[in-house]
Amino acid sequence: MRQALEGSQAIAQAVSRCRPEVVAAYPITPQTHIVENISKLVADGVLDTELVSVESEFSAASVILGAAAAGARAYTASSSQGILLMAEVLFNISGLRIPVVMTCANRAVSAPLSIWNDHADSMAVRDCGWIQLHCLDNQEAVDSTVQAFKIAQDTELPVMVCMDGFVLTHTLEVVDMPEQDLIDRFLPPFKFQRALDPKRPITQGALVSPDFFGEIRHSHHAAMQKSAAVIESVDADWAALTGRRCGGLLTVEGPADAETGVLALGSMCGTLLEAMETLPMDRPVKLIKLRCFRPFPEAALREATAGLRDLIVLDRAVTPGLGGTVGTEVKGTLYGTDPGPRIHTYAVGLGGRDIPLDILPDLVATLDKPVAPFGVFDADLEKLAPEDR
Amino acid sequence: MTDTSNATRLAELRLKHGRPPASPAEPSAPPRDKDLRKSQPRFRGLEAGHRACQGCGEALATRLVMESAGPDVMIANATGCLEVFTTPWPESAWRVPWIHSLFENAAAVAAGMESAMKAKGHRTKVLAFGGDGGTYDIGFQSLSGMLERYHNVLYVCYDNEAYMNTGIQRSSSTPHAASTTTSPSGKARMGKRHLKKDLLSIIAAHHIPYAASASVAYPTDIRRKVRHAMETEGPTFIVIHSPCPLGWGHDGSVTIEVARKAVQCGLFPLVELERGEVCNVMPIRQPQPVSEYLKLQSRFRHLFNDKDPRALEERQHLQALADHNITLFNLRGDQADPMDTAGMDTVRRGGPVH
Amino acid sequence: MTHVLTRGAYALPGTSLAFKTGDWRSTEKPLHHHRKAPCHDACPAGEDQQAWLARLQEGNLEGAWLELVKANPLPAITGRVCPHPCETACNRKHMDQPIAIHNVERWLGDEAISRGWQYPVTTPSAEAPKVAVVGAGPGGLSAAYHLVRLGYRATVFEALPEIGGLLRAAIPMTRLPRSIIDAEGERLLALPGLELLLRQKLGRDVSLAELRSEFAAVVLAPGCQKSRPWDVAGAVPQHLHEGLHLLKEWIDHGWLPEARRVVVHGGGNTAVDLCRIMKRNGAEEVHLLTASGLPGPDTDPDDVLNVVPRELEEALEEGIQIHPHVTINRLIMKGSVFTGVEMVSLRKLPGQDGRKRRIPFEGTERLLHCDMVVPSIGEIVDPEGIEEILGQHKYLHPKDDTCELGDHPGVYVLGDARGDRGTVAAAIGDGRMAALTIQRRINGAEPLPPDTREVATFDKLNIEYFDRTERAPLRKLPVAERNDESEIELDLTGPEAAAEARRCMSCGNCLACDNCWTLCPDNAVIKTVEMASDGTHYVFDYDFCKGCGLCSAECPCGFIDMVPEDTVLPAATT
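Protein chains in written order, with my numbering: chain P, 24 to 412; chain H, -11 to 342; chain L, 8 to 581.
Among the hints, erroneous ones may be present.
[What the hints assert, rightly or not] Calculated cross-link-like contacts (lysine-lysine; reagent style DSS-like; alpha-carbon spacing at most 30 angstroms):
#: 1; chain 1: L; residue 1: Lys43; chain 2: L; residue 2: Lys467
#: 2; chain 1: H; residue 1: Lys26; chain 2: L; residue 2: Lys27
#: 3; chain 1: H; residue 1: Lys184; chain 2: H; residue 2: Lys26
#: 4; chain 1: L; residue 1: Lys406; chain 2: H; residue 2: Lys283
#: 5; chain 1: L; residue 1: Lys341; chain 2: L; residue 2: Lys43
#: 6; chain 1: L; residue 1: Lys341; chain 2: L; residue 2: Lys286
#: 7; chain 1: L; residue 1: Lys355; chain 2: L; residue 2: Lys406
#: 8; chain 1: H; residue 1: Lys295; chain 2: H; residue 2: Lys283
#: 9; chain 1: P; residue 1: Lys222; chain 2: L; residue 2: Lys355
#: 10; chain 1: L; residue 1: Lys27; chain 2: P; residue 2: Lys222
#: 11; chain 1: L; residue 1: Lys534; chain 2: L; residue 2: Lys77
#: 12; chain 1: P; residue 1: Lys214; chain 2: H; residue 2: Lys108
#: 13; chain 1: H; residue 1: Lys283; chain 2: H; residue 2: Lys185
#: 14; chain 1: L; residue 1: Lys406; chain 2: L; residue 2: Lys467
#: 15; chain 1: P; residue 1: Lys63; chain 2: P; residue 2: Lys214
#: 16; chain 1: P; residue 1: Lys214; chain 2: H; residue 2: Lys106
#: 17; chain 1: H; residue 1: Lys106; chain 2: P; residue 2: Lys222
#: 18; chain 1: L; residue 1: Lys100; chain 2: L; residue 2: Lys137
#: 19; chain 1: L; residue 1: Lys233; chain 2: L; residue 2: Lys467
#: 20; chain 1: H; residue 1: Lys185; chain 2: H; residue 2: Lys175
#: 21; chain 1: H; residue 1: Lys26; chain 2: P; residue 2: Lys222
#: 22; chain 1: L; residue 1: Lys534; chain 2: H; residue 2: Lys26
#: 23; chain 1: H; residue 1: Lys106; chain 2: P; residue 2: Lys63
#: 24; chain 1: H; residue 1: Lys185; chain 2: P; residue 2: Lys222
#: 25; chain 1: L; residue 1: Lys355; chain 2: L; residue 2: Lys27
#: 26; chain 1: P; residue 1: Lys63; chain 2: H; residue 2: Lys175
#: 27; chain 1: L; residue 1: Lys77; chain 2: L; residue 2: Lys137
Quick caveat, the hints were computed from the structure, so don't treat them as lab data. In this text, all values refer to a predicted model and were calculated from it rather than measured experimentally.
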């Protein structure tokens, strides 16, 4: 059913229809509306779940860890500082190979304090061993949320669905909200082979000696890599059922013969697509929409970038002292491809700064110059004291 | 059923349960040897082969808790000695579903497990185990949250009064004046400068249905308290004083003796609280001088240096703290009581009296 | 072994059993160590009080009695007349008060009589060796009983028309009702394979030589039937009545000489019994003069009056005046009439050769006026019929506890006739030892070696695990109601006996309290349904025992020792 819903409200409804048995959450802007909406669904008797209003994000993550370990479908949502407070648990959940789902309403990380959107939070925990999916709009966020539960269950890996704070969470959009029976057909009841059960009392979270630790890490990495196929097939299954795709690992939009590409993730892609459609461009440009940041889709990326002369990679976060996380990883992935594109890496839209449509022609305009070092593209250095530039 | 088949069935049952044959004609049970372990008349929640030190109070306390808690439980265990010595992969000493996540989140993980049980309509009781570091200090917030949210979880704190797993560093549970590797005694300091945190009072302020302190020196009392907590719906909390021979500096053979003295001198009062109010205490038959407890342990050795006037002062300080407990909880018994510190551990043929 | 890594590195339950922490033991391991309980060690009859108290604790009354009669067939009797060294030795005295073992024994003996419990004895075969027992006192009866228990036949020769010996002849009814002697005696005499021949006096009706030729062994339990000669510097009053004789006269015929003020000279049970009888029968003053001391902190235990303690207490209650540490220096005469004694204080002191002798102290002489003096200084063996083995001795002296008479193979001497015994319990114990020795000799084996196990002293116990408890009260007839017939001491009640049994701390032996099982941090103590080979319900699993020693420290009974690794279990002893 098509409905005009605020992003958070849509996520809450989608989560609700996935029948989570335990939801734990702690409020943080801009994730709050998701939790509030879930709480309301519970209060109204629409959603029958154990809603645990924890005393911190640390406990939110811990509660869903415990709940899923005990065999329950579990969900949480957070943002920014909350994600960082959870960080230790996030690593732990994935190391234990416990399937849970979390929405990350992406927000900048303090200090200075900013409650507005960028990707610093999810990028900061990129090594935590979770699958990370980014969403272009609220429809994708809804669909990805449903898919995430399926992926988690099939891979025994936790899934983080990243959606831009405010830009998506607080925006009213028309969304085709999948009906309950459709989701029930798509998503079987939660089943976890290694669940804690007095009938089969296993020990989870053992101490592992150096003799085995490397192998355990290898298996986690291998599981992440194998999950790429699952992510694609789940998206395909969803498309078969609903006619809507979320973009598998990544998708390419725009003229196939374009020699200029822009790679971005999240709602930025919507801005870039509109720019491509509405603004006059002095050359053809195609958009590589990276949906799956973890596992990093190396093969798909090499395929998507074949034939490109220039590739602009837009990060919405900074790794101080290095540059952009995505940009760096794209460079690494394409290293040695011949002929590889010239790779231009920039950060844009930090701390909630608006990304205007004409950022695309501005970016393309730089391609005639030699490749510049990484920079915050939309930063006005005049605002800084000379010694701080 | 005919008489013959009854007799046959009975003989089979006797054989199966290792009873001597009713008549010489019946086959007798095969020699038991090591299989004796499988027929222990108690639940073996914590199995042998764990790697605790000799005379470990925590291992003992845990075993006792498991025996009373029984098989229909699942456990969230904080990081610490207990977690490390019971689960070096691929071995586990546990015979119940058990999970270790992190140091500070045992209560929250347990809350999640309990929520899962509630969601599924299962009655399996969830337990959370932590040491004093994971309870008094780093895990305190998640513990408080779990209690406040009224999860049906029994949290057991094995209190050995320092970070033993990392090498005997002081915690907020370390007693005043005890020497640890981060509160060593020396020319300028007499061990820990601060007091032992009064955790039970903080727990009491949550007004949970049941909270208690216990000691490995009184296994019957532990059993009773665990059973009571198991039967109580809602959050319950038990802190068990569990001497650490290595960290406290005493021989493994006197673990019980040390624990007993701590109770009998008043430094570790055994009390029970319901809804935050004291509802029962174990009276002390004859309060022992604190020095009788201190002198058994090398962590207090610096308090027995006759040449140092601070030693006597700190000893008197600890005595005053013990006396304060005795007054505060009205621990001095009016008369000999079978449930007091001298009567509670009385044994007779066939087991403990109580 | 290569392990296949599980997803998330989970482990399977109880797999720690693969890791044998027993390797961690460095020097010592725990071992069960049976020690002798002090009560057992002190018991002349060889009873294992701990064992029968244990059955009582279980509520198994008949089992308790059967355990008791393994050593002592006459508990209702000893439960009345024994000076109960078991209680004196009981470790409870260091905590509160000794267990009233004596009274519980009596209660159990009385239960057996009233419920008709029978000895567990099977009929000896007709070919079983036959042993002659001379004397049907407690020692002779005990020997006959144990011989039958061991599968032999026994023929008892008694000079008198009744059995009982000293029990009947010298113990007042107020201490030992005759019905008790009859009940336990009849039960014993009904044993299969036991033959009693009354009015058969050795030397008169049958000779030792005959017995030695016709029986596999001869047990002599004749007691001491002859008074020690008594005089004061060669003087003896007219119409002297000797103590034991007087007591027998009174018991048999109810006759006592009349006297207002009586002095009894001596220091045993006979002397005290006589004092009390004289007092009850009209004597205004009865004085006991004894060279020994009264029990007290200043008295050397070897020097205490050899009287059942509670008998002494009752005598004092009844107004007997006791003069300790004195002897009679001379008799005071008025012409030929005896009017009193001069007594003098003395002490047993070591002389130059180290041996103790009695030293009277000059200047302590004082007079005691009286009408009669009764010597009661003990008895010696009647030589009739045993002259060849007695020689010039006052007693027969077997070499040791085996009761074997060294130079006369096949002859065993027990009880008072040995000269080194003085109680019914000792005679009963001798009877058992003689029977055991006879069995081994018949089988061509050496006698049992003495039980050299260590005694479980109080310091071996962990008394934290025992609470203070009141000893059962002993009820007695009030002094005013005491007569010559009624038993003065009254029986315990069943609940009192049971409560008393529960006070037993099982010194040196397993109490089955579960402490080791409960307190082992390593699950290395295993509880068994059936008894393990060392008679306990617990087994150390050395595969996992780390050797911390907690079980040993917390064993209430001192039953677990930490011993060097290579120590093996000592052979179990009974």
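Hint-by-hint comparison with the structure:
no. : hint                   : verdict
1   : L:Lys43 with L:Lys467  : holds, 12 angstroms
2   : H:Lys26 with L:Lys27   : holds, 17 angstroms
3   : H:Lys184 with H:Lys26  : violated, 42 angstroms
4   : L:Lys406 with H:Lys283 : violated, 54 angstroms
5   : L:Lys341 with L:Lys43  : violated, 59 angstroms
6   : L:Lys341 with L:Lys286 : holds, 25 angstroms
7   : L:Lys355 with L:Lys406 : holds, 27 angstroms
8   : H:Lys295 with H:Lys283 : holds, 16 angstroms
9   : P:Lys222 with L:Lys355 : violated, 79 angstroms
10  : L:Lys27 with P:Lys222  : holds, 26 angstroms
11  : L:Lys534 with L:Lys77  : holds, 28 angstroms
12  : P:Lys214 with H:Lys108 : holds, 12 angstroms
13  : H:Lys283 with H:Lys185 : holds, 22 angstroms
14  : L:Lys406 with L:Lys467 : violated, 34 angstroms
15  : P:Lys63 with P:Lys214  : holds, 27 angstroms
16  : P:Lys214 with H:Lys106 : holds, 17 angstroms
17  : H:Lys106 with P:Lys222 : holds, 17 angstroms
18  : L:Lys100 with L:Lys137 : violated, 45 angstroms
19  : L:Lys233 with L:Lys467 : violated, 46 angstroms
20  : H:Lys185 with H:Lys175 : holds, 25 angstroms
21  : H:Lys26 with P:Lys222  : holds, 17 angstroms
22  : L:Lys534 with H:Lys26  : holds, 10 angstroms
23  : H:Lys106 with P:Lys63  : holds, 20 angstroms
24  : H:Lys185 with P:Lys222 : violated, 39 angstroms
25  : L:Lys355 with L:Lys27  : violated, 64 angstroms
26  : P:Lys63 with H:Lys175  : violated, 62 angstroms
27  : L:Lys77 with L:Lys137  : holds, 21 angstroms
When each numbered hint is compared with the structure, violations occur for hints 3, 4, 5, 9, 14, 18, 19, 24, 25, 26.
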